[in-house]
Amino acid sequence: MRICVFLSAADLDDRYTRPAREFAELLGKGGHTLVWGGSDVGLMKVVADGVQEAGGRLCGVSVDFLAATARVGADEMVVARDLAERKRLLLEKSDAVVIMVGGTGTLDEATEILELKKHGHTDKPVVLLNTAGFYDGLKEQFRRMEDEGFLPVPLTDLVFFAEEPVGALAYLEAVTSAATAVGQGIE
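Position one of the sequence shown corresponds to residue 90 (my numbering), numbered consecutively onward.
Please note: incorrect hints may appear among the correct ones.
[Claimed, not checked] Keeping only pairs whose Cα atoms sit at most 20 Å apart, straight-line, the calculated PhoX-like set for lysine-lysine is:
| id | residue 1 | residue 2 |
| --- | --- | --- |
| 1 | LYS213 | LYS182 |
| 2 | LYS206 | LYS182 |
| 3 | LYS206 | LYS228 |
| 4 | LYS118 | LYS134 |
Since the hints were derived computationally from the structure, they do not count as laboratory data. Small disclaimer: the values here were computed from a predicted structure and weren't measured.
Assemble the whole structure, with the sequences as input and the hints as a guide.
Shown next, in the form of structure tokens:
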């Protein structure tokens, strides 16, 4: 599976890096490919290192103004013209999306994939990895949107909330296996 991970490029403390590294190791050991923003700094580097060290592949999508921080030695690296093209390429190159801790860029990427799902423009599974309760407020806001009629589809059809890395990957593998079985006429 090619798993796109939206996350921060900031240097963060252990409460965020430890679970990110754990997810990366699970992804790599599972033979999956990380599709990510391509940066070799901060949390992005932690995840790329973990995937690569565990035997996974790396597919980076950087952007012109961040190309100087792009990871050397990725299996594939594309440099987009701008952030809009970068988001499009990240989604095109992936089978699923995991949203990890991040700032406004991560939030922008997260809301775009959810908006695409809401309108039926993608059916990729999306997991929000709520490390250390980072997204508790956003989770509450999404539930309010659903309760008050702002979401035309159930929240559970848009995003799966995982509290731990193992739960995030287990969900993606189960959903992908189920979709493959249905696609092959097996149920």
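Evaluated hints:
1. A distance of roughly 11 Å separates the Cα atoms of LYS213 and LYS182; the hinted pair therefore holds under the 20 Å criterion.
2. Using a Cα cut-off of 20 Å, the hinted pair LYS206 and LYS182 holds, with the two alpha carbons roughly 16 Å apart.
3. Pair hint LYS206 plus LYS228 holds up; C-alpha atoms about 17 Å apart against a cutoff of 20 Å.
4. Of the supplied pair hints, the one linking LYS118 and LYS134 holds, its CA atoms being roughly 17 Å apart against a limit of 20 Å.
When held up to the earlier numbered hints, the structure conflicts with none and fits them all.
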